[in-house]
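Next come the chains, spelled out residue by residue.
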Amino acid sequence: MIKVKVNGEERSWDGDPSLPLLWFLRDELGLVGTKFGCGQALCGACTVHVAGTAARSCITAVSDVDGQEVVTIEGLHPQGDHPVQKAWRELNVPQCGFCQAGQIMQAASLLAETKNPSDDEIRGGMAGNICRCGCYQRIEAAVRVAATGT
Amino acid sequence: MTYFQDLSRQAPEGPSFGPVENVSRRGLLKGVTAAGGLVLAASVLPRRAMAAYVTGAGDMPHGVVTDPRVFVSIAPDGIVTIVAHRSEMGTGVRTGLPMIVADEMGADWARVRIVQAPGDEAKYGNQDTDGSRSTRHYLIPMREVGASARTMLETAAAQRWKVPVSEVRAGVHEVVHDGSGRRLGFGELAADAAVLKVPAAETLRLKDPKDFRYIGKGTVSITDLHDITTGRAGYGADVRLPGMKYVVIARPPVVGGKLVSFDDAEAKQVPGVERVMEVRGWPWPSKFQPLGGVAVIARNTGAAIKGRNALKVVWDDGANAKYDSVAYRKELEAAVRAPGLVVRNDGDAEAALKGASTVVVGEYYLPHIAHASMEPPVATALWTDGKIEVWAPVQSPGGTREDLAKTLEISADNVTVSPTLLGGGFGRKSKCDFALEAALLARELKAPVRVQWTREDDLHHDFLHTVSAERIEAGLDKSGKVVAWRHRSAAPSIGSTFAAGATHQIPIELGMGLIDLPFAIANVRCENPEAAAHTRIGWFRSVSNIPRAFAVQSMVAEIAHATGRDPKEVLLELIGPARIVPFSASVEKPWNYGEPVDSYPIDTGRLRGVVELAAEKAGWGRKLPEGHGLGIAVHRSFVSYIATVVEVAVDKKGVVTIPRVDTAVDCGTFVNPERIYSQMEGAAIMGLSIAKLGEVSFKDGRVRQSNYDDYPVVRIDEAPRVTNTYIVPAAAGTPPSGVGEPGVPPFAPALCNAIFAATGKRIRNLPIRDQLAV
Chain A
276 MIKVKVNGEE RSWDGDPSLP LLWFLRDELG LVGTKFGCGQ ALCGACTVHV
326 AGTAARSCIT AVSDVDGQEV VTIEGLHPQG DHPVQKAWRE LNVPQCGFCQ
376 AGQIMQAASL LAETKNPSDD EIRGGMAGNI CRCGCYQRIE AAVRVAATGT
Chain B
537 MTYFQDLSRQ APEGPSFGPV ENVSRRGLLK GVTAAGGLVL AASVLPRRAM
587 AAYVTGAGDM PHGVVTDPRV FVSIAPDGIV TIVAHRSEMG TGVRTGLPMI
637 VADEMGADWA RVRIVQAPGD EAKYGNQDTD GSRSTRHYLI PMREVGASAR
687 TMLETAAAQR WKVPVSEVRA GVHEVVHDGS GRRLGFGELA ADAAVLKVPA
737 AETLRLKDPK DFRYIGKGTV SITDLHDITT GRAGYGADVR LPGMKYVVIA
787 RPPVVGGKLV SFDDAEAKQV PGVERVMEVR GWPWPSKFQP LGGVAVIARN
837 TGAAIKGRNA LKVVWDDGAN AKYDSVAYRK ELEAAVRAPG LVVRNDGDAE
887 AALKGASTVV VGEYYLPHIA HASMEPPVAT ALWTDGKIEV WAPVQSPGGT
937 REDLAKTLEI SADNVTVSPT LLGGGFGRKS KCDFALEAAL LARELKAPVR
987 VQWTREDDLH HDFLHTVSAE RIEAGLDKSG KVVAWRHRSA APSIGSTFAA
1037 GATHQIPIEL GMGLIDLPFA IANVRCENPE AAAHTRIGWF RSVSNIPRAF
1087 AVQSMVAEIA HATGRDPKEV LLELIGPARI VPFSASVEKP WNYGEPVDSY
1137 PIDTGRLRGV VELAAEKAGW GRKLPEGHGL GIAVHRSFVS YIATVVEVAV
1187 DKKGVVTIPR VDTAVDCGTF VNPERIYSQM EGAAIMGLSI AKLGEVSFKD
1237 GRVRQSNYDD YPVVRIDEAP RVTNTYIVPA AAGTPPSGVG EPGVPPFAPA
1287 LCNAIFAATG KRIRNLPIRD QLAV
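Protein sequence lines, in the order shown, are assigned to chains A and B. Under this note's numbering, the first residue of the first sequence is numbered 276, with each subsequent residue one higher. Under this note's numbering, the first residue of the second sequence is numbered 537, with each subsequent residue one higher.
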């Protein structure tokens, strides 16, 4: 039996241990805020935090997170007011919005590691997350706002 | 789908606009209805001429509905609920159209709720969210809806106070009697207003635009913003039903192929896999019908994918088994070097080319591209007692409903289509094959079903953007003036998805940048050589404008180079003086994006205007660092005018970066400038993906790319550093025009013109990829 804490709640899984965490979250737990975009860690739509760091849940097996803490977009902040979430709203970042949970989780992880990233650090840190609508200009600006307030 | 209404949608039988009694509002508004709000039986009315201009909205399947009782309900507590009847795929339409209603009726946006309409065009009018049409077709109808609701509320208040209606007026979310200072909130008036007659359209008063609170301001954020940032927004795969089965399907790898046999022994051993079964496919072409194949049904998507990986399937590849992009490119290039079907012929271009002192020739090639929206196709279906309900990210909820009814051979009354948010669309999700798959399986399994496409499925089975060869010959006289223009364009047509053997472009494709060339050239000849399709061709954001704008706007810069002149000056000279350019009389079926030319003429004054504006803002002619270059391109599409200037930097290894993009947009009267900016920023990114990276190619009939590793799209680290957008203020009464698509076409030629300016290397084949590598 695999045990994992998801958004602070104990969860268990006795099915296929190789099941990607993405599908455990979405289909078994009903936490559908985490999105499926590629299944190969190429787009970042499925980004969650494992032990506080961004991870691609589509290539992370449930067994890989046994005993660990996973945070999804639903658990990032109780009221949805993480500085990254607020900055995203302030700058009207999303278009279709599908990739944004992954973008936000990636940005939150980036800022947890690098308090005040340079433009190049933002672009480098966010380069694993694709936005097909092309919100990049605002994503970059919003990460900066989340970091510095401006 | 309605670029192609003549192909894909039957006109409604009988009277188009007869009354429809009390179409059930379904669950969404029940609470409001029960509370006695303004929700009544609906009648469907034709489009009335309220504005100084006429659009093509009335010619769309099921036309336009402007009955306020269809779109607006008001609860006693004052909450105004407005129906969004078009699909949200990132353009902001789900916010923009209700915002128009709210502004016109005087509703306070903070007290407005938006609900999404199910697919029901008899009730809501046309719902096809494509063709960059929603705002241009619905600005006036949505204002009529709002004005009617406001009038009914004012009338209710006047009756309550026993004063003439002329003495009352709607303020913000209330009606006021200035004489006595009495006021009543919309909620207090809702029940009385609900029983009033809908005012005749001719009697409606529209607000003076100077009194708008939301329209044109750009102060309203999209309604789903908070939900998107907290993971609560509902997309296609986010609907969960009790007992739902998770399905992936192995489909024939070659279009026109079919299943021969399969071995599911190993697949069934995968933990969580419950069943494997054949699913029905339709022969090609069959519009949007499913390809068929083998379905793996499991307790979660991960198990279904793993089960599919373990399947052993034998396919019969059929007639397209030899489709090979290398060989096909040679066919297309040969086709444009020989005469083809003449689709426009002004003057005598043949003779003028022969007599020209110089002929500049450009051949351009653009490969297939895939939509690759972040959300792959997905649908959820529930079959109950002969009725189907489908939740899916579809651009065409009404068309999807019709296709479901036909496919399942049931009445449309027994079909419910609830559009979710779309995780991107770009034209792919106008084709509802994935929804049909889910519905067929739900009926077969007698269980709720989710069919999930993987990214590999998405790339392997897309309705691809066409592949094209464009050849332009420009004949110049001794002074360098262009006196002849022959443009041959060969590409498999979207028509081939609807009818076997279609080898010529259909009018809407010809009208996207070929026969509508607005240049002041006496002798113009456009030809369309034959091109057979060997895969499913569909429409991709801005469609045929992509190759045509690339060819035409590259050629302009090539002429400038050949004559030693400034590309912007040559561009303006070719456009000629400000004037209205009629469609050539030689064109059999001119296409003006479905719009009447009286309201939406080809106006070279506006074309020149955006060129001048973009050039001025970009600092055209400014001194640039070494390795940098500026390029310009302009294109009219979706009846909007957009010019783009790209500044490029090419380093010594040939790596391209883009410090800056300046785009000028003339889209007439506009509703939400904030979303116009976001569309232009996104169009530059998508344009860059097309120019630099995008290519789907075939070998042995199969798509060679599978995921974002071999079908790369632009990421943040290679995106333009900044895209500046300038919106041309609309002259009073200028009709609104498209925004979602027309930003895309000018980008690639502007970029390649900039690369030429920076390096002297002319890119004629897309994508650029490593063509500049040193």
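Treat the hints with care, as some may be off.
[Claimed, not checked] Derived EDC-like pairs (lysine to aspartate or glutamate); straight-line CA-CA distance at most 16 angstroms:
id	chain 1	residue 1	chain 2	residue 2
1	B	K890	B	D1013
2	A	K361	B	D763
3	A	K361	B	D760
4	B	K890	B	D760
Calculated directly from the structure, the hints in this document are not laboratory data. Since the structure is predicted, the reported quantities are computational estimates derived from the model, not experimental observations.
For each hint, the structure was consulted:
1. Restraint check for K890 (chain B) and D1013 (chain B): the C-alpha separation of about 11 angstroms stays at or below 16 angstroms, so the hint holds.
2. For the proposed pair K361 (chain A) and D763 (chain B), the alpha carbon gap of about 12 angstroms is at most 16 angstroms, so the pair holds.
3. For a cut-off of 16 angstroms, the pair hint linking K361 (chain A) to D760 (chain B) stands: about 14 angstroms separates their Cα positions.
4. For the hint linking K890 (chain B) to D760 (chain B), the alpha-carbon distance of about 60 angstroms lies beyond 16 angstroms, and the restraint is violated.
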